[in-house]
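As you go down the protein sequences, you meet chains A and B in turn.
Sequential numbering from 11 applies to the first sequence in my numbering.
Sequential numbering from 952 applies to the second sequence in my numbering.
Any given hint might turn out to be false.
[Stated by the list, open to error] BS3-like mimics (lysine-lysine), calculated; alpha carbons at most 25 Å apart, straight line:
hint	chain 1	residue 1	chain 2	residue 2
1	A	Lys212	A	Lys540
2	A	Lys962	A	Lys821
3	B	Lys1194	B	Lys1163
4	A	Lys200	A	Lys643
5	A	Lys689	A	Lys713
6	B	Lys1126	B	Lys1031
7	A	Lys689	A	Lys818
8	B	Lys1312	B	Lys1157
9	A	Lys200	A	Lys540
10	B	Lys989	A	Lys951
11	B	Lys1312	A	Lys1108
12	A	Lys155	A	Lys64
13	A	Lys120	B	Lys989
14	B	Lys1190	B	Lys1126
15	B	Lys1253	B	Lys1162
16	A	Lys951	B	Lys1157
17	B	Lys1312	A	Lys1107
18	B	Lys982	A	Lys679
What the hints contain is simulated information worked out from the structure, not anything from laboratory work.
One letter stands for each residue in the lines below.
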Amino acid sequence: MDFSLLRNIISRYCAGEENWVDSRTVYIGHKEPPPGAEAYIPQRYPDNRIVSSKYTFWNFIPKNLFEQFRRIANFYFLVIFLVQLIIDTPTSPVTSGLPLFFVITVTAIKQGYEDWLRHKADCSINECPVDVVQQEKVVRTQSHKLRVGDIVMVREDETFPCDLIFLSSSRDDGTCYVTTTSLDGESSHKTYYAVPDTMAFKTEQEVDSLHATIECEQPQPDLYKFVGRINIYKDKEEPVSRTLGAENLLLRGATLKNTHHIYAVAVYTGMETKMALNYQSKSQKRSAVEKSMNAFLIVYLCILISKAVINTVLKYAWQWSPDRDEPWYNHRTENERQRHVVIRAFTDFLAFMVLFNYIIPVSMYVTVEMQKFLGSYFITWDEEMFDEELGQGAQVNTSDLNEELGQVEYVFTDKTGTLTENNMEFIECCVDGNVYIPHAICNGQILSAASSIDMIDSSPGGYRREYEDLFFRALCLCHTVQVKEEETVDGIKRGIHQGRPTSFYISSSPDEVALVEGMKRLGYTYLRLKDNYMEILNKDDEIERFELLHVLNFDSVRRRMSVIVKSISGEYLMFCKGADSSIFPRVVSGKVEQVKAHVEQNAVEGLRTLCVAYRRLSESEYQEACHYLTEAKLALQDREQRLAQAYDVIERDFVLLGATAVEDRLQEKAADTIESLHKAGIKVWVLTGDKMETAAATCYASKLFRRSTQILELTKKRTKEQSLHDVLFELNRTVLRQRSISGLSVDCLDFGLIIDGATLSAVLKPSQEVSGHGNYREIFLEICRNCSAVLCCRMAPLQKAQIVKLIKSSKEHPITLAVGDGANDVSMILEAHVGIGIMGKEGRQAARNSDYAIPKFKHLKKMLLVHGHYYYIRIAELVQYFFYKNVCFIFPQFLYQFFCGFSQQPLYDTAYLTLYNISFTSLPILLYSLVEQHVTIDTLKREPSLYRDIAKNSLLRWPVFLYWTCLGVFDAVIFFFGAYFLFDNTTFTSNGQLMTTNTQMMFGNWTFGTLIFTVLVFTVTLKLALDTRHWTWINHFVIWGSLLFYVIFSLLWGGIIWPFLNYQRMYYVFMQMLSSGPAWLSIILLITVSLLPDVIKKVLCRAICPTATERAQSTRPCLTVEPSTIFMLSQSSSRMSF
Amino acid sequence: MMASSYNAKEEDGHHSGSSTHGGTGAPKNKKPDNTAFKQQRLPAWQPILTAGTVLPAFFIIGLMFIPIGIGLYVTSNNIKEYEVDYTGVEPNSPCYDCANSFTWNSTTPCVCTVNFTLTQPFESNVYMYYGLSNFYQNHRRYVKSRDDSQLNGVQSSLISPSKECEPYRTNPETKQPIAPCGAIANSLFNDTLELYYSQPDGNTSKVTLVKKGIAWYTDKHVKFRNPGNDKDNLTERFKGTAKPVNWMKPVYELDPSDPENNGFINEDFIVWMRTAALPTFRKLYRIIQKKPDSTPTLASGKYFLKITYNYPVRSFDGRKRMILSTISWMGGKNPFLGIAYITVGSICFFLGVVLLIIHHKYDTRSNSADIPN
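Working from the sequences, and respecting the hints, build out all of it.
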């Protein structure tokens, strides 16, 4: 790969042909072209080996270590560890080395295992058999031996081994059907076309005799784009050139269907296939919690450094007198004495850093990662988010953003397929002002065979009859629907049983299927496409045949598609259907006004409308159009653009035929979901490409706009009348006035904004020409901020992302969520803080690029209100608690320095230092952060407003952080001075030790530390117990288990002379401490005092100003509820409240 | 780092999808299990900390802590304690000369005597402590300057002590390993204290001081062990080692009278080796056993303390004290614990009352607010 890149660069400078530098030439069957045709450059391409693994056996350790230490946290701990190794530090390197080693090893094992799985998967793919045509024979070889230029034979239901140019098929028409389920999730069959000149080759001998080269662009990841050209050399003739497009390129990973076998030539292999190129990882999104966590970390790092600096300075001030520095009983070694004082001070500073480094624990990162990773399983496990129809539940593509789901302030949703079903049903059509409604409208897909037309305005004149015929033919011809004639169809059935019960219509656009089906109900049945002839069964049961000459495909910019057909009578006809806005400007005659009125009326009802027009082409016009199209299609560079230009030239001077209306029903519970989101304080924006009236109707239906909502319009229609500037200011005034009047009643103050794409781009345009009028962007944002719902219609995909970006970067920096189902939503999904894909009918593009994928829009409610809420409170507690417990842990250590001559003497034993964060206090908080439910799921669902309680990162704001830190410091002071006064109290003229009834033994510094440590472990664990609202058996097990483990460990640790240790300082310390009555009494006392302030704060806050969450907690009966009775209870309690 | 597994999973999925022929179009039905854990519906106890629920706890804590505190305080007050500072800082103090004339290599011990009077008799066992202040036994360099395996009688450590003992590891002149090595051992407290009672009749009697039973049992019997074979002479067993530089006699002569209290298992030595937590500390020196008859262990009256002054503390502004104390079930004299208990108990009780008021006031309010809903 690197080599080809290099070659590319070289050829760029040597060849000098600018147009060709970005293309490659493939010699089919590795045959050189005839001499003189073109210089034969032997090219090197990678083999067809797919390497998804990151590591090899040799580079695993260095590469993995490098990757891991690139993380700042790991690097920090590595530095601490190295400092401990190099200088004489208070704690042994084991204390930080062991946890680091553990973390690194676990991660390495995990990554290694994953990589091994990838290796295995790679291997099985690379070794799967492939049929290659060599010397006129089919040879079976392994997939990874495939080279660019090899001719491959693929049989039905086989997967393409690399990206191939389709040469010929077993089907006579040179087509094949392919599903790309494993590529983009679309289960529909797509038709691919063989190169016309080679499609006649039926045997391997013929195929092998082919002498041709393919010039195509260098590999690029876009699955739907391919530009290339094939030059076919026949004996001593000029080479024949054909353009190649995406319809000729069979992608690796797709599967051949309904075709016995095909021949194709490899153009991209191995890591250069489009599938492989698509596995590049997306950019990382970071959650707000992570950002707060990093901010807190910086604070703690500052605390850490200042602690170390303070202690170092004090140390040197204190030991100014040599008697303190080196009393006779405590001399330095010669080496130390000779060291320069600056070096000594620096070493001391580092030693203090090492001593206090536990304030930023390694285990926090591990625990947070584990919490996110394990916690995300609850989303995938959720039965309520499982869709029976689709057979799939929610998917988590990244677990980094779990808690962000609880912070969403803006939801940007697509309309079609997201709010609505994207299950189209033909409702009516209007031909030249007359309305036709299919007789039997049925919700289901099966319809009676009877089909007649119900004419509402029945005055069919002669020319009308003609229009009618043309209209129905247009709809039957102008589409890309395929007919599936088999009983069993993979994927979702889109066809209807009628006449021939075994035929289905398949298309990537549900609108088209709906239209063709609608036509069937109106009596015109599209039968099939055979040998480039489209066959229609008309009303009189006669088969009409039209030769399909050109298809001008649909794209979202043009918003229309056309076909050019030749009727039996030799007439050239161009039919076009598309959005009204793109058709009307190109219409020269027809009943434009009537149709327009009708279209608008339909749109208000929430129907999707399409206009149909036609144009008769003369022979010369056709030739001209043909010329334009072929020229554009042959272009290697900018083909898209040239095609668009060609389409623009050809698609004009239409005669308007009529319009169709298709209904797209709202998704189940869409309105309920939107209402809940509104109550949760989330602003919902609908971004759609649909026209304003349709979209507005959907918004009303989905309760995005209510009857009481005052609609503000910011559309092209309005800006035509007034200048954009005036409209913006007027709206702004309206909003602000309303707000000042009804400051109290929230309900009256309900604005909805409608804006269209054209106006939006005007608003967003950099305002150099309106420099005097200030920034429209700000005014627009100000208006939006005051609107509970915003509808943006006529949006291009990129505009959707722009809107998201605009809101994201506004001054409050709100958290945004984008939800969509189609490829046009991908940009928006990638842009938003959280991207959610709906596993919809428009393929899996959105779901693949999203952070989370859900089957239906309604699942968003549970996703945000329940899962998001839980994840947020869990992680917030996790982060705060971790900082708290480490303040408690390290601050006594800091205080102790004042009593040990700033000598960096650790307070706790090495084992305690090491295990505190790893085993004594890690599991309770991890399990808490996995299973805590401060409010039940049902309450959260019933009362969406609880979501407001956690809005704006409320649990991780600075005051809360300060509270936790102060609590930590308070507890630490209690621990330390509690123990201090018990051990040494000269003012009370007490003795210097604790004694027991039967012994009167002395307690040393390790007992002192152990006493503090015991109080510490119990206090922080019980503090968590106080915070736990949801005591499942897991919590009980883990909390009490941890405490028990601490006691057992301490007994064991002190109970044996450990042979591998060079010190035995903990020997019997813990037992001796426990055998002393006052130690027990003081442990109990200190724990009580430490927990007291938090209990009081909790109780007072709840009593005096309870939050909504706390109120919701109190209303629930305080007893164990079995899962089965929850529903009953919640019902009864809701009944009680009325 | 964990999140990457999702990507891996996805890739794997695709790869396997492309390698299995056919059937990829049919979505796999992977309906999640309906278990209480996976659906987050585990039965749970859901306590809420409200004024109502916390109230009883506060009262109970208050009612329990106050009596305990009073008990502790009374017990602590009943403990008798007497302290004598014999550092010799003031010119008129008896040990002034000894303190001033101190040199490391003096051969004749300096002896001084301090007189004191016990106004009350000390009943039961009396414990005699020495106390040092401003002595940083908890200094890091000091704390780690020991070799536990040498003290445990490991022969190899006896010959080559741990590096942690530097600069008290080997004798600078003879280069012999020091036993016991390290700063802690080197600075062993070596004042000798003797207590005499001036009987009312004018005679003086020496108070019997018991020097055994002052160290932890486990230290004496497990952690500290003399090296070599028990049958050999202790001097033999320490052959080839040097005495700590500041010691006057080698380790095997710490208590020649009692082989069970000699060498590393000398109890004074073991007590010293347990480093104190704070710079001002006291360590148990001797025990005065209570007498079999009902006479007090230490009757009230005049006493004098005879000190063999060996231990210099003036250089670092230290103080030396001798303390006599009785003990109770809760240890030595320490009113702090009792006072703390009483204070915390009272605070809890007081808070209980406050919470009761708050509970009464706000609960009715929130109840009345709930009714319109």
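So, going through the hints one by one against the coordinates:
Between the alpha carbons of A/Lys212 and A/Lys540 the distance comes to roughly 19 Å, so the proposed pair stays at or under 25 Å and holds. With a C-alpha separation of about 13 Å, the suggested pair A/Lys962 and A/Lys821 falls inside the 25 Å cut-off, and the hint holds. Distance hint between B/Lys1194 and B/Lys1163 is fulfilled; the C-alpha atoms sit about 23 Å from each other, no more than 25 Å. Distance hint between A/Lys200 and A/Lys643 is fulfilled; the C-alpha atoms sit about 20 Å from each other, no more than 25 Å.
At roughly 12 Å between alpha-carbon atoms, A/Lys689 and A/Lys713 fall within 25 Å of each other, so this suggested pair holds. As the CA atoms of B/Lys1126 and B/Lys1031 are separated by approximately 49 Å, the hinted pair breaks the 25 Å bound. The hinted pair formed by A/Lys689 and A/Lys818 meets the criterion: a straight-line CA distance of about 21 Å does not exceed 25 Å. As the CA atoms of B/Lys1312 and B/Lys1157 are separated by approximately 71 Å, the hinted pair breaks the 25 Å bound.
As the CA atoms of A/Lys200 and A/Lys540 are separated by approximately 16 Å, the hinted pair is consistent with the 25 Å bound. Taking the CA atoms of B/Lys989 and A/Lys951, the gap is near 18 Å; set against the 25 Å cutoff, the hint holds. For the hint linking B/Lys1312 to A/Lys1108, the alpha-carbon distance of about 17 Å falls within 25 Å, and the restraint holds. Distance restraint check for A/Lys155 and A/Lys64: the Cα-Cα separation of roughly 21 Å lies within the 25 Å cut-off, and the hinted pair is therefore satisfied.
Distance check on the hinted pair: A/Lys120 and B/Lys989 sit about 23 Å apart at the alpha-carbon level, within 25 Å; holds. Between B/Lys1190 and B/Lys1126 the CA atoms are separated by roughly 14 Å; this keeps the pair inside 25 Å, and the hint holds. Our distance criterion of 25 Å between C-alpha atoms is met by B/Lys1253 and B/Lys1162, whose separation comes to about 23 Å. The straight-line distance between the Cα atoms of A/Lys951 and B/Lys1157 is roughly 84 Å, outside the 25 Å bound, and the hint therefore fails.
Note on B/Lys1312 and A/Lys1107: the hinted pairing holds, with a Cα-Cα distance of about 17 Å set against a maximum of 25 Å. Simply put, B/Lys982 and A/Lys679 have alpha-carbon atoms about 21 Å apart, close enough for the 25 Å limit, and the pair holds.
Violated hints, listed in ascending order, are 6, 8 and 16; each of the other numbered hints is respected by the structure.
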